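Engineer: Construct all of the structure, not just a fragment, from the sequences and the given hints.
Here's the letter readout for the chains.
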Amino acid sequence: MLNEKNLMNTIRRTYQQQPREEFVVSTEKILRQKARSMDKRIQVKRLSAVWSGVFLFAVAFSWIFLFSGKDVLINALNNLDEGASSFVINSTKKEPLVFIYHTHNQESFTPELNGNSSENAFSDSKNITLVGKKLSEALNEKNINAIYDDTDIASVLNERDLMFADSYLISREILQNTLNEHESIKMVIDLHRDSQKREATTVKINGKDYARILFAVSSISEHYDINNEFAIELNSKLEELYPGITRGIYLPGESARNNYNQDLHPNSVLVEIGGIENSLEETYRTAEIFAEVVKQVMDDLE
Amino acid sequence: MINVKDIESSIVVIYNKHHLDVYRFLICFSGNQNDAEDLTQEVFIRVLKNLPNFNCTNNLKTWIFSIAKHVAIDHYRKRKFATIFREGFFKQLESNNKKPDEEYEINEMKELVHDAISKLKPSYRAVVILRGINEFSIKETSDILKCSESKVKVDYHRALKILKNKLHFATEEVLTNVK
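In order, the protein sequence lines correspond to chains C and E. Take 50 as the starting number for the first sequence in this note's numbering and just add one per residue. Take 8 as the starting number for the second sequence in this note's numbering and just add one per residue.
FYI, nobody ran anything at the bench for these hints, they're computed from the structure. The structure presented is a predicted model; accordingly, all values stated were derived computationally and were not measured. Errors might be hidden in some of the hints.
To be verified - With a cut-off of at most 20 Å between alpha-carbon atoms, the simulated EDC-like pairs for lysine to aspartate or glutamate come out as follows: (1) Lys153(E) to Glu142(E); (2) Lys171(E) to Glu53(C); (3) Lys54(C) to Glu142(E); (4) Lys168(E) to Glu53(C); (5) Lys235(C) to Glu282(C); (6) Lys78(C) to Asp42(E).
Structural biologist: Shown next, in the form of structure tokens:
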């Protein structure tokens, strides 16, 4: 019977156990040839690596010492240094000094809207926040770091099912959060648009129409004295520089429904720039003027 | 033994030491001398190409055989055994120094053995040849085939059983035919 050993011997006998002699010789020859060409390829690789190293070194050497490479390198290193230090200055400067927000953010101007009805001078895009943006840009140009908030308070009211009169509750949250975040803020401006007619809200200075400014100070704010003083300072400086640009300080009666968030920061004021019938261009002009005054007051504060 | 700086002498030494074992593995696998020779050459060309990357801590022989196994299985996939069987198997099974009926008997036996082996699936075939013909240990076989030692044991016994069964009936048939 077949046992394992017999089986394997049978298998061995079945197959030709020796390759042909020519095959063995020719294969060895083929392997030798292939090995030689591999050797050459490896040597070529090694040599080309060495030579490209030498070449690169020569190029770098001649660039640095024979041409103007040394100066270029030194300049580049210096620039690197300067770039780093200017960045540090910027980052310390970044803390905002002025905060501009809009309790009635959708207040708009009829000349900018297609329908001319004065009751509907509201827009969710072309509105008072553009003036706030302009003011903050003007301040930043004067090196006073200002930030502004353009939260759509009207839609937040809608979401929370609140009335228009509750706008100050929403803007209060925004102001409170911002003050918590930035202790550096020295001035708070709640920017509005008045609802008076064009005659009341416009003034001609040097042949150009400017939107007029009105300040409002809450008499029930716990910071009333400082709030009022702050408004007076802004108002008188404006009056000095551009007579007729302000309409003065408005003090809503004791019955005023709220304090306009003026209890949160002593130097906070409600500012109305222009009325329903002013154009954005007219309010932008006024924003530039107002920025000048804010800068002066800020310089006095420091 | 492997000198990467002198690949030529290394590959010649390796080839002379191992070509016979590799050939014997491949002849059993393919059943055809021409194919076995071509495949043997293919194995050593692959060995040469990978020689600079060969990790000396590995066993050289098992490394060569794992290459041989790949070459064999690739070949098997390309051409099914049946076609090889038809082409060249009978032509090369020649023996000149036997008497006619002995010759007939032996040739028929060889044919049966080859038939049995060629019908084993490739993984069984590889185990039988490596363990039985090339006499690798279980550990070496498992290294070459990249499987566990227990799988080598199980596959080897199953493959042997299949072969024995086939050849048992076959030898009896052959013998009764002769008598």
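Engineer: Would you mind confirming whether the straight-line C-alpha gap from Lys235(C) to Glu282(C) stays at or under 20 Å?
Structural biologist: holds, 15 Å
Engineer: Need the status of pair Lys168(E), Glu53(C): alpha-carbon distance at most 20 Å?
Structural biologist: This hinted pair holds, its Cα atoms lying about 10 Å apart.
Engineer: Does the alpha-carbon distance linking Lys171(E) and Glu53(C) stay inside the 20 Å limit?
Structural biologist: Distance ~8 Å between Lys171(E) and Glu53(C) Cα, so the pair holds.
Engineer: Hint check: Lys153(E) vs Glu142(E), CA-CA at most 20 Å. Holds or violated?
Structural biologist: Satisfied, since the Cα-Cα distance of roughly 17 Å is no more than 20 Å.
Engineer: Measure nothing beyond the straight line between the CA atoms of Lys78(C) and Asp42(E); if it is 20 Å or shorter, mark the hint as holding.
Structural biologist: holds, 19 Å
Engineer: Please verify whether Lys54(C) and Glu142(E) have alpha carbons no more than 20 Å apart.
Structural biologist: Cα-Cα ~11 Å, so holds.
Figure legend: structure checked against the earlier numbered hints; every hint is met.
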